[in-house]
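*Asks:* Residue-level listing of the chains:
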Amino acid sequence: MGNIVNSYRDFCEQPKNSNIRLSFPAVCFVWQIAMIILFGVFVRYNPESDAHWPEYRRMKNFTDLENDFYFRYPSFQDVHVMIFVGFGFLMTFLKRYSFGAVGFNFLIAAFGIQWALLMQGWFHSLDYNDGKIKIGVENLINADFCVAGCLIAYGAVLGKVSPVQLLVLTLFGVTLFAVEEFIIISVLHAKDAGGSMVIHAFGGYYGLSISWVLYRPNLGKSKHMNGSVYHSDVFAMIGTLFLWMFWPSFNSAICNHGDGQHRAAINTYLSLASTVLTTYAISSLWEKTGKLDMVHIQNSTLAGGVAVGTAAEFMLMPYGSLIVGFFCGLISTLGYIYFTPFLEKHLKIQDTCGIHNLHALPGALGGVVGAITAAAASTTVYGEEGFRGIFDFNRVAPVQGGYQAAALCVAIVFGIGGGIFVGCILKLPIWGDVADENCFDDEFYWEVPEEEEIVAPVLEYNNHMMMNKNSAIPATNYAVERS
Amino acid sequence: MGNIVNSYRDFCEQPKNSNIRLSFPAVCFVWQIAMIILFGVFVRYNPESDAHWPEYRRMKNFTDLENDFYFRYPSFQDVHVMIFVGFGFLMTFLKRYSFGAVGFNFLIAAFGIQWALLMQGWFHSLDYNDGKIKIGVENLINADFCVAGCLIAYGAVLGKVSPVQLLVLTLFGVTLFAVEEFIIISVLHAKDAGGSMVIHAFGGYYGLSISWVLYRPNLGKSKHMNGSVYHSDVFAMIGTLFLWMFWPSFNSAICNHGDGQHRAAINTYLSLASTVLTTYAISSLWEKTGKLDMVHIQNSTLAGGVAVGTAAEFMLMPYGSLIVGFFCGLISTLGYIYFTPFLEKHLKIQDTCGIHNLHALPGALGGVVGAITAAAASTTVYGEEGFRGIFDFNRVAPVQGGYQAAALCVAIVFGIGGGIFVGCILKLPIWGDVADENCFDDEFYWEVPEEEEIVAPVLEYNNHMMMNKNSAIPATNYAVERS
Amino acid sequence: MGNIVNSYRDFCEQPKNSNIRLSFPAVCFVWQIAMIILFGVFVRYNPESDAHWPEYRRMKNFTDLENDFYFRYPSFQDVHVMIFVGFGFLMTFLKRYSFGAVGFNFLIAAFGIQWALLMQGWFHSLDYNDGKIKIGVENLINADFCVAGCLIAYGAVLGKVSPVQLLVLTLFGVTLFAVEEFIIISVLHAKDAGGSMVIHAFGGYYGLSISWVLYRPNLGKSKHMNGSVYHSDVFAMIGTLFLWMFWPSFNSAICNHGDGQHRAAINTYLSLASTVLTTYAISSLWEKTGKLDMVHIQNSTLAGGVAVGTAAEFMLMPYGSLIVGFFCGLISTLGYIYFTPFLEKHLKIQDTCGIHNLHALPGALGGVVGAITAAAASTTVYGEEGFRGIFDFNRVAPVQGGYQAAALCVAIVFGIGGGIFVGCILKLPIWGDVADENCFDDEFYWEVPEEEEIVAPVLEYNNHMMMNKNSAIPATNYAVERS
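Protein chains in written order, with numbering that gives the first Met the number 0: chain G, 0 to 482; chain D, 0 to 482; chain F, 0 to 482.
Some hints here could point you the wrong way.
Copies of the same chain are indistinguishable here, so a pair counts whether it falls within one copy or spans any two.
In silico DMTMM-like pairs for lysine to aspartate or glutamate, Cα to Cα no more than 20 Å straight-line [what the hints assert, rightly or not]: (1) Lys220 x Glu449; (2) Lys222 x Asp126; (3) Lys426 x Asp9; (4) Lys133 x Glu54; (5) Lys426 x Glu54.
The set of hints was computed from the structure by calculation and includes no laboratory data.
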């Protein structure tokens, strides 16, 4: 056994080669063709998106408006923006990894949603009459949710992995997610509207475990690239804000029609507002002269949205949402200040985006908040019908609270276990990742434009200025610069 | 009395100290805790977001779809984007104040919406049975609207105030707004769907008055920072466009269901389209060789949305909207060319973003347009039922027009009066604002990334080039630059 | 005849003068005033946006929610974002033409939608009782669609034309579009929900033909400006992503209520996901060491949305959508690699943004896909009622397929013919376009900020460093740089 481990280690320590010219296109093509075949065999429209809708509608006595599309499509589009612009731009903060951040985020999300439609479809939308998965707008939202788990994991390994590794991470991540989600939602009958547990805790621990297995002892060699410049921080704020603004849609997208969606949006709106204040306060308090740190503003302001996810549909009460947000902003910001360095130094977990503070921990807190809120639920507060509508299973409240807590454990176990397993696969030296000194640099997977911006008028101006002052200095090459 | 004024002046003229390490976190914590307590005492869900909805719905004979959430949530999200991305990015145009623009905008909006839910709730959503404020999606929209007034005011003082001052500005601004709005909407029964008067005229004059009290005679010392660079102008266009695109949602968000929302969106769409043409035309006409000025394009193109706000729900007619937009683009652009310099030179009002031309004046014009349109309303044009639906008070049209005009006066008086009052508070030397020579610079409230982008290949290239040409020059430090 | 052609050529070869100080404002004012007059004569609200709605609603036995506004407004706003932010930012990739990209896009879209409301209104929304055009939210969407054709054409001539030329291009483009659309939709009764033919094929060939007529033999002189820098590529990704995310709304916006909109969104979502994978694969496969090219990622990933447009509402089946996306990503990326250089070298068509690969060709493919899918339609798959609902004309499926193919021909003929005609007008030397050596440079139509970012601390730091090393070198002027 020790022998196998040793030879695995030796094998993994081969020198890195970032040429992915064959492996990457091969994986893309194989997987896309597999998707087409599997969709051909399995996936059809559901009754609300099928052309037989007029007959179905009459049978159910619906109007066109009662097509689920009109309940959920606006929320779906907001979630879609969070996945592609929100996550993508949030990670553009690195000075020279913006192409990778937004570009690979795009790639793995586009692949992941296809695989998620299948995996989640088999578990949740299979029509046992004909063996087909029947999809509608809710499946699209769930596929976006599913891929969010993998994008969170990407945050931990940002700048340190190849696109091939990311595709593998996504294939396994979506698979694990679908199983975990099935256990939590359909076996344990736990509720998790905004996915604090299912998405954030799972995704966070999945990414951290992978990062732990892929630990790079000499990452310090890329230290000069692991930071932001002024404009890259502004780009990242685009991601932050679109995530922040649309989080109420994220948490309410698949809630019950009517009061469920309405209340989830309100709770999330309030929790996020509260988080902003404590994040700014802690960020300022811990810096000399009270300056604010963009890393905290870009990330910790979102923790309240994560933590209110599980309980978003519950009668958390407006002040309850504010309290959740208050503590999450506080804990998340302190996490960036103390815990991320601790993780790297003592646990050997290199967490580029600090997903522990933004997703893993707030997600786990959200699970706890959800368990407590569920355990305290009563028909006085919810009304008979409301209670049955939300906890759609015959349990008394404290029992439901216990199942919620169990669900959180499932999410974390799947995250850590799955992450270690997938990490070991990704450690193999066949995926084209870069050497430690080349991390956080787009140069290796992207055609980066040459930055010579020698534009005539400026050049002349420079020449002119210099000639007047010191005629011995040739000025032309000073204009070679990076924007 | 003169004595008091003089000692106030002397007190205010102490040297500035921008250290906010204690004051800023203290204010954030105190206010957020106050919000939690007040929400705990006062705020609950309304019947459409409460878990008792199934019973309420049955009682009212509603379907789930008739929950107000589905009428207003898409518009709410658009308004939300305008508040956080629109206003935030519009102000990123300064070369070195983008963090402050987008970051402080984020902070004060997140605080302001909480305080607005309370203030507006006491006036408009109080349930007299149990003394609780009952909130739903319309309250969220109104809170966003309310905070917009303060963000407009921020535009006038951008780069010249500390975040503590901004929080104070917001606390008082929201309070004044709620009172002013109550007088205009509930006492005068004036209509102001898009808030030309309530939001824009009030917010504009509020900000200008504060800026007048806080006049900085030596602001010229920061002149080199009070301008844009190429990429910061592109960032600002993100703000411009999201404001421009979603303005139809802003003006229609709280209109009557059905034709009200529909018509308000159409009127705003048309007015904005027309404004663009005249803005471009005037901008080109007033420059040598007809070049366009980004300041005009970023701002004046929005004036049509402001000015059509009050009348958006009225039967303004499509051509009426085009006419409003036409003149607003014209007046606003000329305002940037002539009036902003005049304000600064002769009235000692330093208006960083030119909010006079974008909000104050178009808002006032919008009030006038609204008064005229209301005075000219007839049951022939509106239909009996439509007339009663829009002007929900028993008045003949000319009387309604008079009340509309009175409402405009209220908005302006509250703006100017409130602004002078709050300005005097903000002038106290305890809020941590920067000295005149340090304005428009993120350096003082933000950890700004060091801009050393010494990337190996470039450096070597530089070295190589230089060595060949003039071996006496050490080249390493030339690569130190700001992106 | 040859005489006329020769004197036209001679006339066109006069030296260029980019001063547009009179012509540009004049055109803006004249056209905007014309719009106001024509709207005054012709345009009114339709029954769903008119204040008589309560009576109309009762007559039709509708609820407020059945106002078309609630079916289409969220999609409208998504389309609006695509037009202004999507198209605008997609074209900001050039290092020094971002103002022109996003600014002129804004201008021509704002003008075009007004003219489109009139042109499309006369053809489709004329009330023959009173001779008025009655507009509602669907007209706004169609106006946005119409102007998309012109924005596509702008992509081909980006950086090479003056704003006056763009306004002329738009005036004629919208006119041609409206006629072409009328023939395709109302005469041929072809279906084209997402406008593969009507918008993309037409717009693409229109732009390419104009570019062919305006061929600039010495464009190589501006070669140093015809490329991106790092941050301009990130800006362009904002455009790409908003187009990509909201394309499901684009293709579903004017579909039938209920299953039509639902299915179109699903088909588009899937097609686009599939396109991403093949685009990345081909991009990597064709570069040394497998690097990705931002040009492909920014553009070809969108081809699947174009190509699925015509068939979006049909029962294309989920796997069918994936297949369409698969081949479009492949063909579009190869188009950028092989066909764009071929077009320029052999056909003398300079296509700045590569619209041939993103719009013209995928649009034509989409027409073919639509024709095949329509020809294969059956009542088994669609249901009796569904079939009649979608193909709202009494034809058997193969005949409908034939008409679809005819529609594609109409779109291409209008594009090419119209483009050549308009190109000849634009070639006249009176429109203020720049000389060949000044293309792709904002300098000529915009006040571009001076890029001196001499910020005190940096300067001192530089000075300090230099003084220590080589006291003979004056350091001040090195800080003059471009961001």
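*Asks:* Compare the structure with each hint and give your call.
*Replies:* Cross-check of the supplied hints:
In this homomeric assembly, Lys220 and Glu449 come within 20 Å of each other (Cα to Cα) only across copies, at 18 Å, whereas the closest approach inside a single copy is 24 Å. For the identical chains of this complex, Lys222 and Asp126 are neighbours neither inside a copy (52 Å) nor across copies (58 Å), given an alpha-carbon limit of 20 Å. For the identical chains of this complex, Lys426 and Asp9 are intra-copy neighbours only, at 11 Å inside a copy versus 68 Å across copies, given an alpha-carbon limit of 20 Å. In this homomeric assembly, Lys133 and Glu54 come within 20 Å of each other (Cα to Cα) only inside a single copy, at 17 Å, whereas the closest approach across copies is 32 Å.
Within a single copy, Lys426 and Glu54 get their C-alpha atoms no closer than 54 Å, and across copies no closer than 57 Å, so neither meets the 20 Å cut-off.
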